[in-house]
Amino acid sequence: MLTVQQLRKEYASKGGVPTLAIEEVSFHVKEGEFVSIVGPSGCGKTTLLMNLAGLITPTSGEIVVNDRQVVEPPEGVFLLFQEYNRSLLPWRSVLANVMYGLELRRQRSKARHPEEQARRYLEVVGLQGFDRHYPWQLSGGMQQRVAIARALTCEPEILLMDEPFGSLDAQTRSDLEDVLLKLWDEFRQTILFVTHDIDEAIYLSDRVLVLSTRPSRILHELTIDLHRPRSQLGTKADRRFIEYRAQIYEMITTNASCRS
Amino acid sequence: MVLKILRETRLGGATIVILLLLTWEVFSRLSLVDPLYVPTVTSILEALWSVLRSGELPGHYAASLVRAGMGYGLATLCGIVFGTVIGYALIAYNLTEPLVELLRPVPSTALIPLAILFLGIGDEMKVFIVAWASFWPILLNTIDGVRSVDRLLVDTALTFGSERREIVRKIILPAAAPQIATGMRVSLALALILTVVVEMISGNNGIGFFILDSERAFRIKEMFAGTFSLAVVGYLLNRLFITADSYLLGWHRGLTSKEQR
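First to last, the protein sequences are chains A and B. Just so we're aligned, residue 0 is where the first sequence starts under numbering that gives the first Met the number 0, counting upward by one. Just so we're aligned, residue 0 is where the second sequence starts under numbering that gives the first Met the number 0, counting upward by one.
Everything labelled a hint here was simulated from the structure, so no lab data went into it. Just so you know, not all the hints are guaranteed correct.
If you only want the chain A side, here are some residues facing chain B, beta carbon under 10 Å, derived [said to hold, decoys possible]:
hint, residue
1, E74
2, W90
3, S92
4, L167
Simulated DEER-style distance windows between Cβ atoms [to be verified]:
hint, chain 1, residue 1, chain 2, residue 2, range
5, B, R103, A, H132, 50 to 56 Å
6, A, G139, B, F240, 32 to 38 Å
7, A, S138, B, G233, 40 to 46 Å
8, A, S138, B, R52, 58 to 64 Å
9, B, A88, A, E114, 30 to 36 Å
10, A, G139, B, W48, 57 to 63 Å
11, B, A88, A, F186, 54 to 60 Å
Where is the CB? At the ideal position from N, CA and C, for every residue including glycine.
With the hints as extra help, turn the sequences into a complete structure.
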């Protein structure tokens, strides 16, 4: 489904010496799998996702989606940005925002009745009745729901999520985590979820990749063996959950102290 | 109570206008100023009414508004098209920036002799001058608006598989629209000014011609009537623009007023 092979990314900088953002990252995500990438702030997670979404080109290495190498934004792959408030179109109502993707040539064929489809996904994320509002009239959590509905409307095969709940309050955040799990359970997209929150990564995923500090490498890969459906209280109280958390936490802190 | 009215309404401002007109009326009536050169406001309004009813003034306005409209329309079209290209493509920006910076500060009136030389003294010259003057604010605001579109919006569009044309039409232009509108509003006033100026230079119709011709024929009341009417027309055009703006770009006001809170 999604394969990353020896990906390396350098940025040109002023002094002529390139900055190394990603040293070498390889991994594979199976169809329908929920994988999280967790790592300290500034470890190149966003750079990695931008590469996968085809928005920037890697210095070397290969990204393959559905047997095709990524050179431009690939079809069926959608990136949800961390700054949801900036990624929604402020001149469009909520409904019109959700319909945006379906108006484009690439996705036009995906819906015979774009408006109905958009309304359906607004309902799926729990925003029925807000279709005529503008994004800036909504709270942060609701804006992120709009962004999720907009991506879902185009029926993505792969969802890339860049700390999507990073700037929300704790309550909204766990609500949205559960909304996401419910959606995933229903539609089974492949999801690659980037976060710096260890608990969130474990709670959501089938597998967690632990990323090092800049320049990024994968420190470890952890299969999360917790039964589904998960629940905020039950799952997080599970003994194995606590073990996973300790394991990842230790890896990240050891790595950080080595580097500094 | 009075303070509340002054703070919350524009009644005070309207009162000042009326007081000024009243003073004018009194000065003229008492011959404190020469009524021959400064007729009473009431007689000016009377003259205005009669040139309106006779169809003289409406005829001149029709000619003026066609010129202003053509010039302004041309400027808007060219300003938005060129501005978008220059703002969007870095190469176009680098290629044109020095030229734009050289041409922009030249007062449009300084080009009238040149325009007469090449285009004659007819409507071509007049429309050209109006268009030239109105072009620059629209161009510069469009360039600036397009350049400052949030990169994240474009990235979002790209991940949705937008093609270049779709990005320009569905992302860049709407996002830059508030600033384009700002340029268009500045240009609207310029279009009116330049229309009057070029009509005073040549031709035999238009509101600019009417005002100058009335002065030459010593129809002082009519001259004032023409000027008064321009104040009203300018005001109405601006109101019309603001209404259209808040209807079309209401989202922007809502967004910015929320940010300020």
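Against the structure, the hints come out as follows:
| no. | hint | result |
| --- | --- | --- |
| 1 | E74 | holds (6 Å) |
| 2 | W90 | holds (5 Å) |
| 3 | S92 | holds (9 Å) |
| 4 | L167 | violated (18 Å) |
| 5 | R103/B <-> H132/A: 50 to 56 Å | violated (41 Å) |
| 6 | G139/A <-> F240/B: 32 to 38 Å | holds (35 Å) |
| 7 | S138/A <-> G233/B: 40 to 46 Å | holds (43 Å) |
| 8 | S138/A <-> R52/B: 58 to 64 Å | holds (59 Å) |
| 9 | A88/B <-> E114/A: 30 to 36 Å | holds (35 Å) |
| 10 | G139/A <-> W48/B: 57 to 63 Å | holds (59 Å) |
| 11 | A88/B <-> F186/A: 54 to 60 Å | violated (39 Å) |
In the structure shown, a violation is registered for the earlier hints numbered 4, 5, 11, in ascending order.
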